[in-house]
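Chain B: place on chain A using the hints.
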Amino acid sequence: AQSVTQLDSQVPVFEEAPVELRCNYSSSVSVYLFWYVQYPNQGLQLLLKYLSGSTLVKGINGFEAEFNKSQTSFHLRKPSVHISDTAEYFCAVSGPASGTYKYIFGTGTRLKVLA
Amino acid sequence: NAGVTQTPKFRVLKTGQSMTLLCAQDMNHEYMYWYRQDPGMGLRLIHYSVGEGTTAKGEVPDGYNVSRLKKQNFLLGLESAAPSQTSVYFCASSYIVADYMSSYEQYFGPGTRLTVT
Chain A
30 AQSVTQLDSQ
40 VPVFEEAPVE
50 LRCNYSSSVS
60 VYLFWYVQYP
70 NQGLQLLLKY
80 LSGSTLVKGI
90 NGFEAEFNKS
100 QTSFHLRKPS
110 VHISDTAEYF
120 CAVSGPASGT
130 YKYIFGTGTR
140 LKVLA
Chain B
66 NAGVTQTPKF
76 RVLKTGQSMT
86 LLCAQDMNHE
96 YMYWYRQDPG
106 MGLRLIHYSV
116 GEGTTAKGEV
126 PDGYNVSRLK
136 KQNFLLGLES
146 AAPSQTSVYF
156 CASSYIVADY
166 MSSYEQYFGP
176 GTRLTVT
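Going down the list, the sequences are from chains A and B.
Heads up, the first sequence is in the numbering used here, so the first residue is 30 and it goes up one at a time.
Heads up, the second sequence is in the numbering used here, so the first residue is 66 and it goes up one at a time.
Next up, chain A with everything else stripped away, as it sits in the complex (with noise of 0.2 angstroms):
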């Protein structure tokens, strides 16, 4: 069975710092990874997504994440945020053995930039 652990529940970071939420999976197979984003009050949308490749994954709004099949991360980074970033970040895996069209969602990762 497929799982997804988001160890970080809350991240508070300063404007214009780095910040780096981080997500681990486990799965016996192959696996398509994903960070979704949700801003207060709406609902999700796509920042990136893993399915083959490069293992350095771009993104919209400024963020990047590298797959690391020996540690079985994901670890969303930006090198500097926004207030406009403040918002709960999800990661998400999908693959055979959960089948391709359903993801298994992590708890998120709430991260607050502070001015």
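Hints are computed from structural coordinates only; laboratory data are not their basis.
Don't be surprised by glycine CBs; every beta carbon is placed ideally from N, CA and C.
All clues given are correct.
Selected chain B positions facing chain A (Cβ under 7 angstroms, derived; list incomplete): (1) G105; (2) L108; (3) Y169; (4) F173.
Quick look at chain B alone, frame taken from chain A:
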């Protein structure tokens, strides 16, 4: 192109009442999903559908029923609401790339906030 829409946006129910949440998408997507979001638990899949007339159970299906009579609509029903069903409900959809493989990206609606007292 409205994407994925959900009706209603907010609802308050008394224990034992019933209601139906409507999800509509205008993107001609094959797959549709219902999730619930609870604090500290992320999103959990309730039911999903891989095409018109077909539905399947997800991770937390108890207490809910669904129907997909038309491709563009996916209804979530609560026959007898319970306080444990207080949550934010999200609908999502995705399309087929080839050979019934999902596009891998799900498109989400804005959510319905349901409170059961």
